[in-house]
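*Asks:* Spelled out, the chains give:
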Amino acid sequence: MREFTYTLTHPNGLHGRPAMELADFARKLDSAVTVRKGERSAPADHLMALMLLGAAQGDEVTVTVEGGDEGRSWEAVRQFFQEHL
Amino acid sequence: MEKWSGIPVCPGVALGKLYVMRRPPEPPAAGERDPDRELKRLAWARARAEEQLEEQYRLALSRLGQDEADIFRLHRMMLEDPDFWAAACEPVETGATSARAGVLAAGERFADQLRTLEDPYLRARAEDVEEAARLVAAQLDGTQTAIRLPGPVILAADSLDPGELLNLERDKVLGLVLGRAAPSGHWAVLARAMGLPAVTGVAAEPEWDGRSAGLDGETGALYLEPDEGISRALSRKENAMTLRGKEQAEAAQRPAVTRSGRKMKVCANIGRPEEAAQALAQGADGVGLFRTEFLCLGWTECPGEEEQFQAYRQAVEAMQGRTVTIRTLDLGGDKQAPWLPPEEGENPALGLRGIRLTLARPELFVPQLRAVLRAAAFGPVALMFPMVTSPEEVRRARALLEQCRTQLEAEGVSAGTPEVGVMIETPAAALMAHELARMVDFFSLGTNDLTQYTLAADRQNPALAGLWDQRHPAVLDLIRRTARAAREAGIRTAVCGQLAADREMTAFLLEAGVDELSVPPADVAAVKAAVRALD
Chain R
1 MREFTYTLTH PNGLHGRPAM ELADFARKLD SAVTVRKGER SAPADHLMAL MLLGAAQGDE
61 VTVTVEGGDE GRSWEAVRQF FQEHL
Chain W
86 MEKWSGIPVC PGVALGKLYV MRRPPEPPAA GERDPDRELK RLAWARARAE EQLEEQYRLA
146 LSRLGQDEAD IFRLHRMMLE DPDFWAAACE PVETGATSAR AGVLAAGERF ADQLRTLEDP
206 YLRARAEDVE EAARLVAAQL DGTQTAIRLP GPVILAADSL DPGELLNLER DKVLGLVLGR
266 AAPSGHWAVL ARAMGLPAVT GVAAEPEWDG RSAGLDGETG ALYLEPDEGI SRALSRKENA
326 MTLRGKEQAE AAQRPAVTRS GRKMKVCANI GRPEEAAQAL AQGADGVGLF RTEFLCLGWT
386 ECPGEEEQFQ AYRQAVEAMQ GRTVTIRTLD LGGDKQAPWL PPEEGENPAL GLRGIRLTLA
446 RPELFVPQLR AVLRAAAFGP VALMFPMVTS PEEVRRARAL LEQCRTQLEA EGVSAGTPEV
506 GVMIETPAAA LMAHELARMV DFFSLGTNDL TQYTLAADRQ NPALAGLWDQ RHPAVLDLIR
566 RTARAAREAG IRTAVCGQLA ADREMTAFLL EAGVDELSVP PADVAAVKAA VRALD
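Chains as they are written, first to last, in the numbering used here: chain R, 1 to 85; chain W, 86 to 620.
Just so you know, the hints here were simulated from the structure itself, not pulled from any lab data.
All values reported here derive from a predicted model rather than from experimental measurement.
Glycine is no exception: its CB is placed at the ideal position from the N, C-alpha and C atoms.
Worth double-checking, as some hints may not be accurate.
[What the hints assert, rightly or not] Distance ranges between label pairs, derived from CB positions: (1) 58/R x 366/W: 43 to 53 Å; (2) 59/R x 475/W: 51 to 61 Å; (3) 197/W x 59/R: 18 to 28 Å; (4) 60/R x 151/W: 24 to 34 Å; (5) 17/R x 481/W: 11 to 21 Å; (6) 59/R x 477/W: 55 to 65 Å.
Can you make the complete structure from the sequences, with help from the hints?
*Replies:* In structure tokens:
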């Protein structure tokens with residue numbers, strides 16, 4: 001299992017379009033990706049759960065990557081967060 | 086006269102009769118004794134709702150824009166969400182509720198959770214998940230989502246789903262008066278893009294139906310049976326706005342010619358025959374792309390020859406002598422129709438789609454070719470084939486077209502002579518442009534797919550967002566080669582992908598030798614202006 005923390009910079013936080021893009025992206029990976037904010041966590045490919053995290057711009061989230069080609073997925077997910085979120 | 090004050094949402098003025106929409110009463114939510122059967126129905130209804138949302142996504146993308154289209158993508162993804170789906174299935178599986186009650190309860194449950202969040206934007210998504218759930222329920226009821234309006238009216242309703250709004254006949258609705266819809270809802274985005282004056286926060290009474298009304302989208306006021314003074318003030322306001330619109334529309338009616346006198350035809354992309362009139366009104370020099378797969382919207386089977394003929398003829402007559410370019414069914418791949426069994430294979434973009442599918446399924450192709458030939462008797466028509474990769478495909482399609490013509494003649498049915506062209510949207514077609522140019526009357530560059538296939542980049546994949554670029558030098562080079570080959574063979578080149586509406590690229594396309602651009606109707610005026618600004 002690998003993880004990283006990330007502070008959301010997208011003005012809409014993890015809402016609507018950004019959440020959609022993340023869920024779409026996570027579905028294509030062979031690793032399980034989880035996003036945690038405080039005590040709540042959501043599988044990254046579950047759109048509703050992602051939105052219910054209520055993560056806004058400036059919030060810190062912890063992202064864990066587990067299973068499959070972990071190293072590659074971790075790198076891809078981190079890059080995705082940096083570019084889109 | 087009575088005056089009601091609502092919240093202004095979209096500017097503009099409407100004067101006319103009110104039409105108060107009444108939704109049918111909810112059927113009783115009877116529990117089902119056969120949970121297995123109910124679960125199957127639920128899965129079926131979800132699949133239908135997803136197909137509907139996919140069509141609406143494409144429709145919104147072609148008519149309005151990406152932001153508007155994303156509304157439908159969001160709804161689709163909500164239905165695909167595993168937690169939502171589990172919540173919908175659970176009470177059905179145990180036999181506690183019907184499929185319909187299960188999905189509506191799941192929508193409500195997630196909506197309630199979203200409403201507990203602090204962020205107003207996220208709270209507004211509660212409406213979305215309820216709308217998505219209602220769409221599944223509507224499939225189970227068999228209720229039509231299309232609203233039939235009696236004539237040009239001001240439509241009053243409690244709320245409108247985005248799909249309902251998108252499917253309204255635009256020429257029959259003058260404005261919107263909603264009761265409960267949030268001013269920041271998705272309906273507002275669509276109404277604005279459709280140019281509909283709109284107000285919310287006014288709950289229409291059933292007895293208002295048929296009464297005259299005046300709507301001011303700027304102030305949020307609704308006047309019931311407005312007196313002469315108000316009517317006159319509102320029409321003055323309306324005239325001022327129409328006049329401004331007319332000036333722009335008039336400029337669009339003139340041909341687009343550069344300063345040095347080069348002419349560029351600017352045509353419109355349409356998906357339904359009734360959009361042809363709208364395209365003409367916006368100044369289109371023709372229809373550069375009629376996406377016939379949109380005709381399948383709402384059909385449980387492929388429309389037959391007669392239905393297709395009526396649709397094509399309507400478009401041809403509406404364009405009053407300007408050419409209508411009809412693309413044969415571009416289904417398969419990521420565009421699935423409900424009546425088309427999904428294809429097996431890992432990579433649908435590289436699968437049985439476009440001309441490959443229609444050549445393999447003459448029972449789809451022949452009725453369409455016959456319908457196009459018949460419509461061509463009513464005005465200029467151009468026919469084009471999508472996803473061509475080899476001259477052999479063109480030969481086979483043309484042979485089939487000739488067979489259809491002979492057959493029609495033998496039956497004594499009149500047929501016209503459409504121009505025949507191919508879409509250049511695979512690198513293979515672009516590289517073989519010289520050979521293809523000898524076989525057809527025109528090329529049409531589909532730059533969206535050409536970009537995807539040239540760069541090996543799926544445009545739907547967000548991880549490749551920076552890679553899918555229609556201005557990539559490799560794509561531009563293929564465009565240049567194609568236009569050059571066309572010129573040498575003495576045929577014309579059109580562009581009908583997104584690139585055609587990219588006004589920063591108009592100069593490049595003109596220089597490459599492109600003769601015609603085809604863009605969403607709403608972009609015609611702006612693209613014509615861009616051509617006029619060039620030397």
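*Asks:* Confirm or reject each hint.
*Replies:* Hint-by-hint comparison with the structure:
1. Separated by about 47 Å at the C-beta atoms, residue 58/R and residue 366/W satisfy the suggested range of 43 to 53 Å.
2. Checked against the hint of 51 to 61 Å, the C-beta distance between residue 59/R and residue 475/W comes to roughly 54 Å, which is consistent with it.
3. Distance hint check: the CB atoms of residue 197/W and residue 59/R are about 23 Å apart, consistent with the given range 18 to 28 Å.
4. Take residue 60/R and residue 151/W: their Cβ atoms lie about 30 Å apart, and the range 24 to 34 Å holds.
5. At about 43 Å, the beta-carbon gap between residue 17/R and residue 481/W misses the expected band of 11 to 21 Å.
6. Restraint check, residue 59/R to residue 477/W: a C-beta distance of roughly 58 Å satisfies the suggested window 55 to 65 Å.
Consistency with the previously given hints fails for number 5 only.
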